[in-house]
Each structure stands twice: as C-alpha cells, then as structure tokens.
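**Student:** With chain A fixed as given, assemble chain B onto it according to the hints.
Number of protein chains: 2
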Amino acid sequence: MKVSPPVKPGTRVAKGARTRESILRVAVNLASVEGLEGLSIGRLADELKMSKSGLFAHFGSKEELQLATVEMAREIFVAHVIRPALTKPPGMPRLWSLCQNWLEHVESRVFEGGCFFTAASFEFDSRPGPVRELIVQAMRKWLLTLSRAVEEAQKAGHLQDSVDPQRFAFEVYSLAIGAHWGHQLLGDRKALSNVRGTILGRLRALSTASCPPLRKAG
Amino acid sequence: MKVSPPVKPGTRVAKGARTRESILRVAVNLASVEGLEGLSIGRLADELKMSKSGLFAHFGSKEELQLATVEMAREIFVAHVIRPALTKPPGMPRLWSLCQNWLEHVESRVFEGGCFFTAASFEFDSRPGPVRELIVQAMRKWLLTLSRAVEEAQKAGHLQDSVDPQRFAFEVYSLAIGAHWGHQLLGDRKALSNVRGTILGRLRALSTASCPPLRKAG
Numbered sequence: 001m002k003v004s005p006p007v008k009p010g011t012r013v014a015k016g017a018r019t020r021e022s023i024l025r026v027a028v029n030l031a032s033v034e035g036l037e038g039l040s041i042g043r044l045a046d047e048l049k050m051s052k053s054g055l056f057a058h059f060g061s062k063e064e065l066q067l068a069t070v071e072m073a074r075e076i077f078v079a080h081v082i083r084p085a086l087t088k089p090p091g092m093p094r095l096w097s098l099c100q101n102w103l104e105h106v107e108s109r110v111f112e113g114g115c116f117f118t119a120a121s122f123e124f125d126s127r128p129g130p131v132r133e134l135i136v137q138a139m140r141k142w143l144l145t146l147s148r149a150v151e152e153a154q155k156a157g158h159l160q161d162s163v164d165p166q167r168f169a170f171e172v173y174s175l176a177i178g179a180h181w182g183h184q185l186l187g188d189r190k191a192l193s194n195v196r197g198t199i200l201g202r203l204r205a206l207s208t209a210s211c212p213p214l215r216k217a218g
Numbered sequence: 001m002k003v004s005p006p007v008k009p010g011t012r013v014a015k016g017a018r019t020r021e022s023i024l025r026v027a028v029n030l031a032s033v034e035g036l037e038g039l040s041i042g043r044l045a046d047e048l049k050m051s052k053s054g055l056f057a058h059f060g061s062k063e064e065l066q067l068a069t070v071e072m073a074r075e076i077f078v079a080h081v082i083r084p085a086l087t088k089p090p091g092m093p094r095l096w097s098l099c100q101n102w103l104e105h106v107e108s109r110v111f112e113g114g115c116f117f118t119a120a121s122f123e124f125d126s127r128p129g130p131v132r133e134l135i136v137q138a139m140r141k142w143l144l145t146l147s148r149a150v151e152e153a154q155k156a157g158h159l160q161d162s163v164d165p166q167r168f169a170f171e172v173y174s175l176a177i178g179a180h181w182g183h184q185l186l187g188d189r190k191a192l193s194n195v196r197g198t199i200l201g202r203l204r205a206l207s208t209a210s211c212p213p214l215r216k217a218g
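Here the protein sequences line up with chains A and B, keeping their order. Reminder that position 157 of the first sequence reads as 157 in our numbering, one-by-one numbering, no gaps. Reminder that position 97 of the second sequence reads as 97 in our numbering, one-by-one numbering, no gaps.
Next up, chain A with everything else stripped away, as it sits in the complex:
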C-alpha cells in the first residue's frame, strides 16, 4: 500500500491532498456501482460538478484515476475490516473478527455498490494491465492476512493443526464473496447472516477444546 507522507495542515499541499481524498471517495463509490471501467474523468467530473481540467490536475489519465481509486478503496477496507480486528487477541477471536468485519462492511454499505474488490476482481480478471495488477496485489494481501490469522489461531492452540491455512483462508474467502453476491445481486437479505452462520459453523467444527467461545455479533 502506498502511503503518502504526512502533510502540514492549512498549507496548499494539505488542501490539495484533502481535495484529492474527497474526490477519490466519490470515485470509489461510483466505481463500486458502475464499475471501474466506467470511471472516466468525464463521468467523475459530471458527478462532482467539477471541470474536467480541474480533475486532470489531480489525475493525468483515466488509468491514473483508476489506480488511485483502487488504492483509496484498499485504505478504506483496511480501516474498516483489518485494523479493528488487530485490536483482538491473535488466534480465533482475531480470525473471526476479520470475517465478521468483512461481512459487516458489505451489510452497512461502506461502499455504495457492495464489495468494491469482489466487483473489481471480476471486472478486471480478463483485462491485463496495471489496474488488474494492483487489484491482484490487494487481493493477495487480503488472502495473506486471512491465512496468517489462521496460522495464528493454530499457534494459539485454538484451531486444529490439520487445517491447511491457505486452503482454509480461501474457503472462508469464497463463502464471503458468495454472501456478497447473494446480498447484492439477489437482494437476499439473509445471505450475509446465513454465511456468517456457515463460517462460524466451520470455525467451531475445526476449533480445539481450548478455543475461546465465538459469538455472532449483533
């Protein structure tokens, strides 16, 4: 993840960074609804009621805008899903927190169009180029975060050692994107809570006797 250097508040640079950030938040929502490929500088200028040349000052091309939008989406995802889970003790509670936060951020419409990355993944899977690469990178990081959490749960003695961390992370990942799909496409209001139950059932079935109790939030 590219992290910009801190900017001094009140300066012109700070104002530029704030504007850029607020533009990108709109871009993320627009892309989550209409797709990243639909995100042109013209379309975004319409949405923001800004001039195209004003936007060009921030992003030199459509591709640059798409890349910055993916990075902003990743920052929002880290803030809503990953960071809060890191406050939980490593082990099953953290793994379960990652899963819950992930489902919750779709349920509470952090991105207007549902899960930004699931949509972007399927949109760009057959479009080679830097945008696809950045999406792949973000998804690999997320799968790595999940499989590390599985390993930590094993080290903490909460999860059976026979579980393959990468495969299990992938299984949990798949169940969650299925839920996003059911929620978003079929309008199935129970999709997310059903899948929350399925994941919890899998975690409990594979847990050890020393695993702390896991509960559904809410």
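Be aware that a few hints might be false.
A pair counts as met if it fits within one copy or between any two copies, since identical chains are not told apart.
[Said to hold, decoys possible] As a list, the in silico DMTMM-like pairs of lysine to aspartate or glutamate whose alpha-carbon atoms are at most 20 Å apart:
#1 Lys190 to Asp164
#2 Lys62 to Glu133
#3 Lys52 to Glu151
#4 Lys190 to Glu152
#5 Lys62 to Glu34
#6 Lys141 to Glu71
#7 Lys141 to Asp188
#8 Lys216 to Glu104
#9 Lys62 to Glu47
#10 Lys62 to Glu37
#11 Lys52 to Glu63
#12 Lys141 to Glu152
#13 Lys52 to Glu104
#14 Lys141 to Glu151
#15 Lys141 to Glu34
#16 Lys49 to Asp161
#17 Lys141 to Glu75
#18 Lys88 to Glu47
#19 Lys216 to Glu37
Calculated from the structure, these hints are not laboratory results. Bear in mind the structure is a predicted one, so any value in this text is a computation, not a measurement.
**Tutor:** What follows is chain B alone, placed relative to chain A:
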C-alpha cells in the same frame, strides 16, 4: 429459458437462425472477456467484421443484444453443466456431477473469459434493468437446480437429513465462484482442483453410510 421454435433446415429462416446463433456465440465470448456492458453493436461488428446495419437486422438495440447474449450463455451452460449431470442417477452422484461439470467448464474455457455468469453477476448487480433481471433469473434457476439436487440426495438416503438444501446449495455455489475467482484473477492453477477437493470433502463429511463412493474425475 426461451426456446425458439424448430426451423426447417435450408430455409431462409433456418439460415437466419444459424447466423444469429453464430453471432451470439462470438458475443458470449467477447462479453466473458470484456464485460456485457462493453458489448455494443459497434464493438461486435468490429469483432465479426460485419456491418453495423447487418447486426441491427438481428438485434435492434444494445440491450436486445445483451439479453440475447445472456440467453445464449445460459443455453451453453445448460448443455455443458446441467444436461450431462441429468444422465447420472438422482442423489449424491448427480449433485457431485453438477459440481464437477461446473468447475470443469471453467477449467476448459467453455467461455473464453472464465465463468460468464459470475462475471455478469458482479458487473450488473448495481445496474437495474432487464439485463440484470435476466441474469438474476438465470442464477436463481441454477441455485434451484443445485438445491433440488441436494434434496434428491437426501431422498435417495445419501445425504444427512439435517442439511438445509438451500443453504448447502449456496455454500457449494460460493466455493465454486471462489474457485473461478482464484483461477481467473490470481492465475492460481490449483484453485479449481483445491476447491474440487474442498467440495468433495464437504459432501463426504455430510454423506450417510449408504452413499455410493464419490471420486474426483481426471
């Protein structure tokens, strides 16, 4: 599924139907790679080296073309995934055959860009209109086919009665779209065979003593 009436071979109508079908097969592949929204009459005319007016004779608008493309994709899916499974005895063998054919049609690139419907689902989940409705309809039919196969496996005494057919169909569905995603986006060659193993493991874990043995094909 709309089924066209049979046409007499050699007639002008038959030729028109054949042309329409071969145009739609190209459209399906194009849409599986570039997305359904990218499928305009102009783009398709380029690909087919046909005139736009020739294409307009078959499809009056972009939306009509998109709808016909979704219907053709559904016919191809039924022919490759559902119909061959119906030759298996109802019960676990048929359920497992549906899952295997589904993964196999992605592996063997029946659609150039991977799984047509998974991609279309995520592309159109936030775009209301007739195209989205037709995709939703196709996906509901597919989930119904899966959950009926789960019920049949229970009636045949192969699968534990405690399994909820709809939820289990959804779980299997989610695992498979996860596999399509890993295969297509991450280029993970093992994604499909890993998920085949995960689904087989789930089916075996929930099967009864009278379930016939299930094997991985290939």
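**Student:** Now look at each hint and say whether the structure bears it out.
**Tutor:** Consistency of the hints with the structure:
| no. | hint | result |
| --- | --- | --- |
| 1 | Lys190 to Asp164 | between (29 Å within a copy, 14 Å between copies) |
| 2 | Lys62 to Glu133 | within (16 Å within a copy, 30 Å between copies) |
| 3 | Lys52 to Glu151 | neither (48 Å within a copy, 57 Å between copies) |
| 4 | Lys190 to Glu152 | neither (30 Å within a copy, 24 Å between copies) |
| 5 | Lys62 to Glu34 | both (15 Å within a copy, 17 Å between copies) |
| 6 | Lys141 to Glu71 | within (13 Å within a copy, 37 Å between copies) |
| 7 | Lys141 to Asp188 | between (29 Å within a copy, 15 Å between copies) |
| 8 | Lys216 to Glu104 | within (11 Å within a copy, 36 Å between copies) |
| 9 | Lys62 to Glu47 | within (15 Å within a copy, 24 Å between copies) |
| 10 | Lys62 to Glu37 | both (9 Å within a copy, 18 Å between copies) |
| 11 | Lys52 to Glu63 | within (15 Å within a copy, 29 Å between copies) |
| 12 | Lys141 to Glu152 | within (16 Å within a copy, 40 Å between copies) |
| 13 | Lys52 to Glu104 | neither (35 Å within a copy, 46 Å between copies) |
| 14 | Lys141 to Glu151 | within (15 Å within a copy, 38 Å between copies) |
| 15 | Lys141 to Glu34 | neither (25 Å within a copy, 26 Å between copies) |
| 16 | Lys49 to Asp161 | neither (56 Å within a copy, 58 Å between copies) |
| 17 | Lys141 to Glu75 | within (12 Å within a copy, 37 Å between copies) |
| 18 | Lys88 to Glu47 | neither (39 Å within a copy, 54 Å between copies) |
| 19 | Lys216 to Glu37 | neither (37 Å within a copy, 38 Å between copies) |
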